[in-house]
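There are 2 protein chains.
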Amino acid sequence: MIKVAIDGMGGDRSPLMVIGGILRAAQRYPNVHFIVFGNRDKIQPLLAKKHFAPIVDKVDIIHTDEVVTMDESPSNAIRRGRNSSMGLALNALRENQVDCVISAGNTGALMGMAKIMIKVVEGIERPAMASLCPTIRGETVMLDLGANISATPYQLEQFALMGKIFANATLGIEKPTVGLLNIGSEALKGPDEVRAAAALLEKIPETINYKGFIEANEIVAGKVDVVVMDGYSGNIALKAMEGVANFLMIGIKNVYSSGFLTKIGFFLMRGPMKHFFHRVDPRVHNGAVFLGLNGIVVKSHGGTDSLGFAHAISVGIDTIQHGFLAKVNAELPSLMRDEANGS
Amino acid sequence: MIKVAIDGMGGDRSPLMVIGGILRAAQRYPNVHFIVFGNRDKIQPLLAKKHFAPIVDKVDIIHTDEVVTMDESPSNAIRRGRNSSMGLALNALRENQVDCVISAGNTGALMGMAKIMIKVVEGIERPAMASLCPTIRGETVMLDLGANISATPYQLEQFALMGKIFANATLGIEKPTVGLLNIGSEALKGPDEVRAAAALLEKIPETINYKGFIEANEIVAGKVDVVVMDGYSGNIALKAMEGVANFLMIGIKNVYSSGFLTKIGFFLMRGPMKHFFHRVDPRVHNGAVFLGLNGIVVKSHGGTDSLGFAHAISVGIDTIQHGFLAKVNAELPSLMRDEANGS
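Chains E and L, in that order, are what the protein sequence lines are. Heads up: the first sequence at position 3 corresponds to 142 in this note's numbering, and the numbers run straight through without jumps. Heads up: the second sequence at position 189 corresponds to 328 in this note's numbering, and the numbers run straight through without jumps.
Source of the hints: derived by calculation from the structure; they are not laboratory data. Take these hints with a grain of salt, some might be off.
The list makes no distinction among identical chains, and a pair is therefore deemed to hold if it is satisfied within one copy or across any two copies.
[What the hints assert, rightly or not] List time: in silico DSS-like cross-link candidates among lysine-lysine, alpha-carbon distance up to 25 angstroms:
#1 K362 <-> K189
#2 K258 <-> K328
#3 K362 <-> K254
#4 K197 <-> K328
#5 K254 <-> K188
#6 K254 <-> K189
#7 K392 <-> K413
#8 K466 <-> K188
#9 K197 <-> K350
#10 K197 <-> K142
#11 K328 <-> K254
#12 K142 <-> K189
#13 K413 <-> K402
#14 K188 <-> K413
#15 K392 <-> K189
#16 K402 <-> K142
#17 K314 <-> K362
#18 K328 <-> K466
#19 K181 <-> K258
#20 K392 <-> K362
#21 K142 <-> K413
#22 K350 <-> K258
#23 K392 <-> K314
#24 K328 <-> K413
#25 K197 <-> K413
#26 K258 <-> K402
#27 K254 <-> K350
#28 K413 <-> K466
Predicted model only: the values in this text are computed from it and were never measured.
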């Protein structure tokens, strides 16, 4: 039985969005139990509704009045957030009462508190946020998506290793191809850190199937299985992509509803169109895992809905079931050995 | 009569794509004359074809065997590229024989050579690449898109001023709103340079209508008229957006052609759908202007086709017609005065 700790108060539309997400996730994972941390006066009345009857027995509520707000600094959250819904959820993971934490709250606070409470895997300098992005030929792992504003070449190399293991575990690809995000494919382009990271990755072909620089348009083209970048670039790339996906989907829906004939046209195309829309819907790819922690912590978009939150829960459960943590701990020493050997 | 210098050999599909672009642009701008620099043996036979008869009298060819290759370093191009198709086109602009230069060649080489040959506007520390991006409510100016890998706070402030004047000139918006790209809307997020640039922009409300930080998904939402960023972030954001736009358009075309009913459905929707596709087509937004030079130089995507190249030509001609250069020279001193006053 997997146990999932949920920050019941994180995100713009909590706790309703959170409870709705649990309802959806529980259908996919019938053997999972949920512990929701947050304001019982707000959560209990929701669970009492008939709509949520299927999950009443699967959800425990641990009450707290305190929350970490969306604009709170990480240092402030660390100082006074112990008893917040986020802090208590992380504490449950630290004390092995649950197998993972899902939160749609403040990203910096979640990362800051998780680093202190869950601890970073020994040897990893910085955790990174990883997520799956839909591509023309399947899915690609992107990391870092914003855990760190910058990254050293060695940290980028570590991200590449963690991304490889994540692709390995969640996509089932044995030797995933890895690229570094840059603004050109030539070796002399881009920031010093990125070029130095490329030099490191070129030296460990046994460990990483490195394919060179990837430009941002090549991410969705599915040129490689794992795209590595610093968190500032990754956050910009991911959000730019989500923005355009939303823009185009709204635009095409406006085309549908623009006239009588277009509505009939839509009716005739609705099956494959809905299938395609589902595949590229950012909510279906919601949920970034903090790689490099001694525990599974998943960040959901703050602005998502219950469908998106359910996917963030799925990401957490899948990461547990694929044994990601054990694989990182098993493979990390080989990279550190390479490093020690002067690679 | 406007005269446009064209690098006839830049881009993946030159010179055919270039000549095709001139044909399309000449329909929109009947009073423009084109001077194409490149290999006469390759260009002349194209112009001799019946298809291109409408532009035979509008095109002069200046022969050169030399080209700047796509993977050549800027320093190498500067050293030996004087007589290349790119170098000769820039030289024609320097000698006032033409009003602008359009090239689909090597970006770094074009910028490097242009800075030396065309010179940077006095007072501008770094030129920036600017382009128009389609949004839900119209178009937004993005800069820098890759002229510089990094930017100081003062350089970002200068980009904001140049972007404002560009929006003013090309979009006709009198007091365009300006935002800084960042990974969060809160004042304490993001790199030091971006936060310092925000502090500078907040001090000059008379000059710049600054609206704060913009996240990458808010660019296409049209939250502001001008989005300012360093060239590395801008290049990543733009390419990520183009990649998704292409991916979604291919996906939707696959939906159309997936069956008999979907084809009928497409037929019924084709009018508004084609209109929408045209609006978001990256080729229709091809052409980035190098702002901050004493002349109009436009970089076209290397991989574009004749439709895209025609739009790059349009960008150059529109920028001339809107009197952009004169406006920069008129407004720049006010920013520098603010700066001198300790803003």
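Against the structure, the hints:
1. K362 <-> K189: Intra 47 angstroms, inter 40 angstroms, cutoff 25 angstroms: neither.
2. K258 <-> K328: between (36 angstroms within a copy, 23 angstroms between copies)
3. K362 <-> K254: neither (32 angstroms within a copy, 34 angstroms between copies)
4. K197 <-> K328: Result: close neither inside a copy nor across copies, 53 angstroms intra and 38 angstroms inter.
5. K254 <-> K188: This pair counts as neither: shortest intra-copy Cα distance 37 angstroms, inter-copy 67 angstroms.
6. K254 <-> K189: Answer is neither; intra-copy 39 angstroms and inter-copy 69 angstroms both fail.
7. K392 <-> K413: both (11 angstroms within a copy, 14 angstroms between copies)
8. K466 <-> K188: Neither. Shortest intra-copy (42 angstroms) and inter-copy (63 angstroms) distances fail the 25 angstroms Cα cut-off.
9. K197 <-> K350: neither (45 angstroms within a copy, 46 angstroms between copies)
10. K197 <-> K142: For K197 and K142, the Cα distance is within 25 angstroms only inside one copy (10 angstroms; across copies 73 angstroms).
11. K328 <-> K254: So K328 and K254 pass the 25 angstroms test across copies only (19 angstroms; inside, 33 angstroms).
12. K142 <-> K189: Answer is within; shortest intra-copy Cα gap is 24 angstroms, inter-copy 73 angstroms.
13. K413 <-> K402: Classified as both: same-chain Cα gap 14 angstroms, cross-chain 16 angstroms, threshold 25 angstroms.
14. K188 <-> K413: Neither, since 30 angstroms and 46 angstroms both go past 25 angstroms.
15. K392 <-> K189: Answer is neither; intra-copy 32 angstroms and inter-copy 42 angstroms both fail.
16. K402 <-> K142: Intra 45 angstroms, inter 48 angstroms, cutoff 25 angstroms: neither.
17. K314 <-> K362: For K314 and K362, the Cα distance is within 25 angstroms only inside one copy (14 angstroms; across copies 42 angstroms).
18. K328 <-> K466: neither (34 angstroms within a copy, 33 angstroms between copies)
19. K181 <-> K258: Result: close neither inside a copy nor across copies, 31 angstroms intra and 64 angstroms inter.
20. K392 <-> K362: between (29 angstroms within a copy, 21 angstroms between copies)
21. K142 <-> K413: neither (33 angstroms within a copy, 49 angstroms between copies)
22. K350 <-> K258: Intra 32 angstroms, inter 38 angstroms, cutoff 25 angstroms: neither.
23. K392 <-> K314: For K392 and K314, the Cα distance exceeds 25 angstroms both inside one copy (39 angstroms) and across copies (32 angstroms).
24. K328 <-> K413: neither (40 angstroms within a copy, 37 angstroms between copies)
25. K197 <-> K413: Result: close neither inside a copy nor across copies, 31 angstroms intra and 49 angstroms inter.
26. K258 <-> K402: Neither, since 54 angstroms and 55 angstroms both go past 25 angstroms.
27. K254 <-> K350: neither (31 angstroms within a copy, 33 angstroms between copies)
28. K413 <-> K466: Answer is neither: 36 angstroms inside a copy and 49 angstroms across each miss the 25 angstroms cutoff.
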